[in-house]
Every structure is written in structure tokens, then in C-alpha cells.
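Can you make the complete structure from the sequences, with help from the hints?
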Amino acid sequence: MTAELRDERVRSVSRLSRLLSRPELGAAAGTVLVFVFFAITAGNTGLFSAKGIINFLEVSAQLGILAAPVALLMIAGEFDLSVGSMIGFAGILIAIPSVFWGWPIWLSLLFCFAVCGGIGALNGLAVVRTGLPSFIVTLGSLFMLRGLTLGLTRGISGRTQVSGVHELALNDPLNSLFSGQVFSGPIAWLSDIGLIGKRADGLPSISGIPVSIVWWVVLTLGCTWLLTRSRFGNWIFAAGGEANAARNLGVPVARTKITLFVMTAMAAALFAAIQVLVTGSADTLRGTQKEFEAIIAVVIGGTLLTGGYGSAIGAMFGALIFGVVQMGIFYTGIDTDWFKLFMGAMMVIAVLFNSYVRNRAMRSR
Amino acid sequence: MAEPYVELRSVSKYFGSVVALKDVSFDVCPGEVHCLLGDNGAGKSTLIKTLSGVYTPDEGEIRVQGKPARFASPADTRNSGIATVYQDLALVPLMSVARNFFLGREPMRKFGPIRQFDTEFANRTAYDELAAMGIQLRDPEQPVGTLSGGERQCLAIARAVYFGAKVLILDEPTSALGVHQASVVLKLIVQSKARGIGVIFISHNVHHAYVVGDRFTLLKRGKSTGTYAKSEIDRDQLLNLMAGGKELVDLEQELTKAVRSSLA
Chain A
6 MTAELRDERV RSVSRLSRLL SRPELGAAAG TVLVFVFFAI TAGNTGLFSA
56 KGIINFLEVS AQLGILAAPV ALLMIAGEFD LSVGSMIGFA GILIAIPSVF
106 WGWPIWLSLL FCFAVCGGIG ALNGLAVVRT GLPSFIVTLG SLFMLRGLTL
156 GLTRGISGRT QVSGVHELAL NDPLNSLFSG QVFSGPIAWL SDIGLIGKRA
206 DGLPSISGIP VSIVWWVVLT LGCTWLLTRS RFGNWIFAAG GEANAARNLG
256 VPVARTKITL FVMTAMAAAL FAAIQVLVTG SADTLRGTQK EFEAIIAVVI
306 GGTLLTGGYG SAIGAMFGAL IFGVVQMGIF YTGIDTDWFK LFMGAMMVIA
356 VLFNSYVRNR AMRSR
Chain B
199 MAEPYVELRS VSKYFGSVVA LKDVSFDVCP GEVHCLLGDN GAGKSTLIKT
249 LSGVYTPDEG EIRVQGKPAR FASPADTRNS GIATVYQDLA LVPLMSVARN
299 FFLGREPMRK FGPIRQFDTE FANRTAYDEL AAMGIQLRDP EQPVGTLSGG
349 ERQCLAIARA VYFGAKVLIL DEPTSALGVH QASVVLKLIV QSKARGIGVI
399 FISHNVHHAY VVGDRFTLLK RGKSTGTYAK SEIDRDQLLN LMAGGKELVD
449 LEQELTKAVR SSLA
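Read top to bottom, the protein sequences are chains A and B. For the first sequence, the residue numbers in our numbering are 6 to 370. For the second sequence, the residue numbers in our numbering are 199 to 462.
None of these hints come from the bench; they were simulated from the model. Given the structure is predicted, the values throughout are model-derived calculations rather than measurements. Note that beta-carbon positions come from the ideal geometry of N, C-alpha and C, so glycine has one too.
Partner residues are not named here, just some residues of chain B that face chain A (Cβ under 7 Å, in silico):
| id | residue |
| --- | --- |
| 1 | A288 |
| 2 | L289 |
| 3 | V290 |
| 4 | L292 |
| 5 | M293 |
| 6 | R297 |
| 7 | L301 |
| 8 | G302 |
| 9 | E304 |
| 10 | Q314 |
| 11 | F315 |
| 12 | P341 |
| 13 | G343 |
Pasting the structure below:
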């Protein structure tokens, strides 16, 4: 079609204005703000030394592993409040068979992932079959799983903590997937050329990148690819945006949602596997409130609570903010009691900002 | 006249004691616009749902290209080339035009073992298909929520046509639109007809229907009051039939009387 027949309202949209309508914009800006803030207030305390960076990245990574699949689920218009309890339950599922029944760690891990995936599927089935809000259904799972964890653990071990996993995991083939460090070679090289400081004994201040950080990055990239480049991603957006329209066009909305519930449950299991193998123990209270922290990270990341809009990269920024603020407050010497106040306020501001960005995106361009 | 693509023969549909449709016959040929007119509660919705496979008729039969057909589901109907564009349009406002265009039938591209959504193809096709229908998109990646009502209607129609609809059932496509927007949709109906598609145009707006229609069928209280070709009936006759001309005349007299008595 020739130029003069074009709509007279066509105007070239600037790169900037396109960028301004991205969901992760708020979180990216927030991340910069938080970094600047702590660079000023905690610049010389070691927060931004190699050791400090690894510390806050590790906090972010744990949350980020949960947040990426939780973001997909929330874009599909559902909540999973059971992920926190699922972490506690999954930890027990790894520790008890290994410590009390003599299973090898790899078998306990497979068992844990299978059971958690199954519970996730049950969550999803309950939501799509009953049509009840997932908030209520998974609030039920939150309590049931925590109760089950406590009951089973005390019933079998007589205590609420199971330790002694370290010794059993030492030579396990799956151990290094969830604990330990990678890239120690490149880190040593960076240290040799002076980019990373050395300790008094001449060794680099960090010996490698914790494997949880790798999981975080891989999961975030994987979820982003799923969301933006796969058929499944199209279904996720449609299921959250307008489920009826999606169904009428033949999108398997129920299957999409159930799959996502399985994914969040599996992410909780992964979180637990890393935690149990790194600390060497499981505790019935592990993961408490992680469901809300994940939701905060996802919402800061620009995902709409009502579904249909959001991003996994945004959730990564949300988790990064979480980690930096938590460790930053620690390094600046501010009483850590103030951390939750800060995160809560951060989330409310993010929601306000994001609804502004969304309205911008929906305005006729 | 050509052979009808889809045909209802003396179809009746009952819901318990309610007679929703009684002995209604209706058909549409390729390249014609057949308007289905009727007031609220006349049975238009039941007729559409019977045609689109949501309901199965209690009596009578459906024929597709002359052969008796039995639709098991709306998807089954769609596969026989009959596409229904409902009033809610089955669009997701927060998703881009291109993603909506291909929702549920995503074009995939292979990168080695990985299959991924072919964004470039989707954008280009959505843009071109709408351009061919006279809608110039500003950007195929803009959210559907930023389109006007008429543009959304056109998107839903263009999508159905692209995926091979031979018959389009349009449920009140112009009722929620302003004058300009409605004329855009009417133009699109004429274009679809020119492509050889049979259009069933459901409306209670005689003015819109008369502009594009070739034949007109009126439904009243679940029964067909007859099918007329455009040459057999003029707009006013159609209006009278449709709005119940007698009812309006009575109403007018009653109102005049009321005004007079209040003046006296």
C-alpha cells in the first residue's frame, strides 16, 4: 500500500516511549535507585566488594528461583500461596528418607521433586475444577502443607529439625547440581589480574559463583523464553488476560494453569534442595513467608495482580532489589528490623508506578 | 442462485417448555450477505448457536454443502469452515494485535531442535491481512486494547477469514459502534462477500442491514416471518416488519391522545 493511503494518525513511536511501556521498566529503574542509594550510604563497607556482591546475589538468587515461575503463574491470573510451605515440606522430603530410611540423596531428591510436582498438579486441578479463586485454594495448601510437614517430621524424628545431610551428600552424583560453586577458574584469573581482591593468605576473596546464582539466571532466561517466544507463553498471557476468549479460540486454559502450578511447586522443591544441601539440614519452618516475598518480587517486577501482563525479567529485578536491600541494610548498620517496612513500601510504590506504566501502554499509541 | 454453503431445514429448538425456535429454515450461499433480523428474544441467539454448533437442533436438520451435517462442538463447526464472531470478539485486550490474530494457532519457526513463536511472520501477516481489509495498523505489536471498537471487530473478522472461513456469522457487529466505525465494519462485510464468503449478518438495525444485505430473514417469537430478497422489499417495508409497524402507529396514537388530554 502506498504511503499516501496510510492512516494519517501513523507516527513513528520513539524507542524511548516503547521502552517506557515495558513491564520491567519500573523494576529496572528501582534497581538503579537502590544501587545508587547503597553506593552512597554503604559504598565503603564492603557491600560492593566481590564477597559482598556474592552475598546479596545469593539472597536474590534464592528468591529469584521462586519468583520466575511465580511470575508466569501470576501472568496467567493465578496465585500460589503454598510455595513457602512447599519449601519446608520439600526439605523434609529430602532429609527424612536420606537420614532415617537410608535412601541415597539422589533418590530422595527425585522423590521430593516428584511429590512436589504432584502436589502442584493437585493445586492446579483444584483451582480449575472448582473455579474457586486460587488465593483461597492455595491458602488452604499453605496451612495443610505446613501442618503435614510438622506432623510428619515430629512423628518420624521426634524433632522439628533433621540434620546430618552433609555427610550423606558428600559423594552423591546430584550434590554438585544444588550446592557448591562454579567458575572457580575464571574467578581465580580475575583475582590474578587484580579485579577481585585477595585475602590475607593470598587466595581470592571468593572461590567461585554459588550454583544457586546459575540456577536463578538459567530459570529466569528459560521463563522469559517461554513467555515471549513459545506457544505456551502466548497461552499464559491469554489465560490471564481473557480466559474466555482464549478458551473460545481453542487455547487449553486449564492445562496451561495446571502446568504453571506444577512449575511453581517444582521451583519450591529446587529452592529446598539447594537450601538442604548447602546447610546440610532441613527444618519444618523453612520457607515461611517466602510466598509473599516471591509475590513482592514479581509485583515490583511489573506483573499485574490481575494477570495478563508482566515479565520474568522484571521478577529477576524484583529479587535483585530484595537481596540488595536486605544485605545493604545489614552492611550500613541500620537495624534490620526496618527491612520489612522498606520492602512493603517498595511494593506499594511499585504497584502505583506499574499501573501508570500499564495505562500508558494501553493508551492509543 | 448458487447452492447454499450451509442450510438449516425446518429447525426447532426447545428449552424445557420454552419454544426457542419453531420450524425455521435459513441458508446462506457463497458470496452473499444474508441478514437475520429480529427483536430481542426473537430467537436470533438460539439460531446462531445452532448454526455454530453450540446447540443441536431438536427437530430439522443442518446441511453443509448439501450434505447433512452434525456438529459435535463449536470447534467441529469451525473446521467445516463456519466461523462465528461473537460480540465479545474473543480478543485479549492486553495482548498485541499480532498475538491475538494467531492466538490458539501460533505460527512456529524451527531453530534446530527448538520451535519458537514466529513473531516476524505473525506481525507481517496480521499487518497485511488487516491492510487488505482497509485497516491500517499503526503497529502490529500494539495492544488490542488500544484499537477502536470498529478496528477490533475488523480484527476478529479478518482473523476468521484468514483461517479459512467460508461462512462468517457476525453477531450484532455494528450495534456498539458509532456511525463512522459501523461504516468501516459494513465495508468489511462487503469485502468478505466479494471474496466469495457467505456472511450471516445478525442485527436489529435495519439501516445497517439494508445497506449490505442481499436477503433478509425476520425472526419473531421463534418463528421465521419469511425471507425476502432485496428486490422484493424496500427499507420502509422492512422497518415496518421489523419494528412491528402497527405497534409503532398504535404507540403514536396513544401518545398523541395523552398529550391532548393533558392539554385539555
